[in-house]
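A.B. asks: Numbering-wise (this note's numbering), the sequence shown opens with residue 658 and increments by one.
Among these hints, one or two may not hold up.
Label-pair restraints from in silico Cβ distances [claimed, not checked]:
1. 811 / 745: 24 to 30 Å
2. 714 / 789: 22 to 28 Å
3. 677 / 755: 35 to 41 Å
4. 775 / 725: 19 to 25 Å
5. 725 / 865: 41 to 47 Å
6. 698 / 755: 40 to 46 Å
7. 845 / 789: 42 to 48 Å
8. 797 / 749: 30 to 36 Å
9. 847 / 735: 30 to 36 Å
10. 754 / 797: 42 to 48 Å
11. 716 / 659: 43 to 49 Å
12. 698 / 865: 36 to 42 Å
13. 659 / 689: 48 to 54 Å
14. 779 / 698: 32 to 38 Å
No wet-lab data here; the hints were simulated from the structure. Quick reminder that beta carbons are idealized off the backbone N, C-alpha and C, glycines included.
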Amino acid sequence: MRKYKAIIYDIDGTLLDTLKMNMIPLLKILHEEGLRDFTYETVLKYASYPGRKVLEELGIENREEVYARWVRYVNEFEEGASIYPGVVDLLKKVESMDIIQAVVSAKTYNQYRIDVVSKGLDMFMKCRVLAEDTDKHKPDPEPLLKCCELLGLKPKEVCYVGDAYSDYLASKEAHIDFFYAKWNGLHDERIIDVVELNHPLELIESII
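Work out the full structure, taking the sequences as your base and the hints as a guide.
C.D. replies: Structure representation (structure tokens):
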């Protein structure tokens with residue numbers, strides 16, 4: 658018997674490399690807001706934070722307006738998102754094992770269409786829970802629990818693969834096993850006592 662009936666993935670930093678397309682527009686936003694001491698290197702600290710949390714931490718006023726501008730700049734960024742090496746092989750392998758796949762992310766449906774659907778990754782997903790689907794967002798467990806509800810599965814029957822502290826906290830609160838995707842090169846020392854993955858295909862060894 659398989660250990661899990663479904664695997665749920667985060668998107669940014671897990672399935673897709675969106676570091677530059679998120680951080681360079683953030684730097685532009687901060688400079689526009691008068692925070693000109695920030696450099697690309699210093700904004701990397703916020704790479705794993707949920708978008709609105711970044712603006713809150715930085716004390717930005719009019720956060721919804723600024724966040725909407727940031728999203729617009731991200732969508733206009735020429736390089737766009739790229740799929741991490743090994744991710745497509747992972748999704749194909751999991752599909753061949755008859756394990757359900759889904760995504761839980763704070764992306765909007767428009768961002769999801771641009772970043773995920775356009776790259777053919779959505780075809781692997783039975784379920785997607787995005788920004789518009791819940792009132793609360795990670796690190797709150799509501800999105801993960803919503804996904805379990807839509808799949809008709811219990812938290813113990815699924816696992817979550819993510820790269821951020823907010824992913825880890827949401828999993829913990831939802832009582833869902835968490836796998837730490839470290840193939841993006843970032844590391845958060847607050848994420849402890851979990852299985853660490855340095856390449857997407859390492860997940861296969863952990864779920865068999």
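A.B. asks: Decide, hint by hint, whether the structure agrees.
C.D. replies: The hints, checked one at a time:
1. Between residue 811 and residue 745 the CB atoms are about 29 Å apart, so this pair conforms to the stated range of 24 to 30 Å.
2. Checked against the hint of 22 to 28 Å, the C-beta distance between residue 714 and residue 789 comes to roughly 24 Å, which is consistent with it.
3. Range check, residue 677 to residue 755: about 36 Å between beta-carbon atoms, so the 35 to 41 Å window is met.
4. Between residue 775 and residue 725, the C-beta spacing of about 21 Å keeps the proposed range 19 to 25 Å intact.
5. Checked against the hint of 41 to 47 Å, the pair residue 725 and residue 865 passes, with Cβ atoms roughly 43 Å apart.
6. A beta carbon spacing of about 44 Å between residue 698 and residue 755 agrees with the range 40 to 46 Å that was offered as a hint.
7. With their beta carbons about 27 Å apart, residue 845 and residue 789 fall outside the hinted range of 42 to 48 Å.
8. Take residue 797 and residue 749: their Cβ atoms lie about 32 Å apart, and the range 30 to 36 Å holds.
9. Remark: the range hint 30 to 36 Å for residue 847 to residue 735 is upheld by a beta-carbon distance near 33 Å.
10. Against the hinted window of 42 to 48 Å, the Cβ-Cβ separation of residue 754 and residue 797 comes to about 30 Å, which falls outside the hint.
11. Range check, residue 716 to residue 659: about 47 Å between beta-carbon atoms, so the 43 to 49 Å window is met.
12. Checking the proposed 36 to 42 Å range against residue 698 and residue 865 shows it holds: the Cβ atoms sit about 40 Å from each other.
13. Our hint of 48 to 54 Å for residue 659 and residue 689 holds, since their Cβ atoms are close to 49 Å apart.
14. Evaluation of the 32 to 38 Å hint for residue 779 and residue 698 yields a pass: the beta carbon distance comes to about 34 Å.
Figure legend: structure checked against the earlier numbered hints; hints not met, in rising order: 7 and 10.
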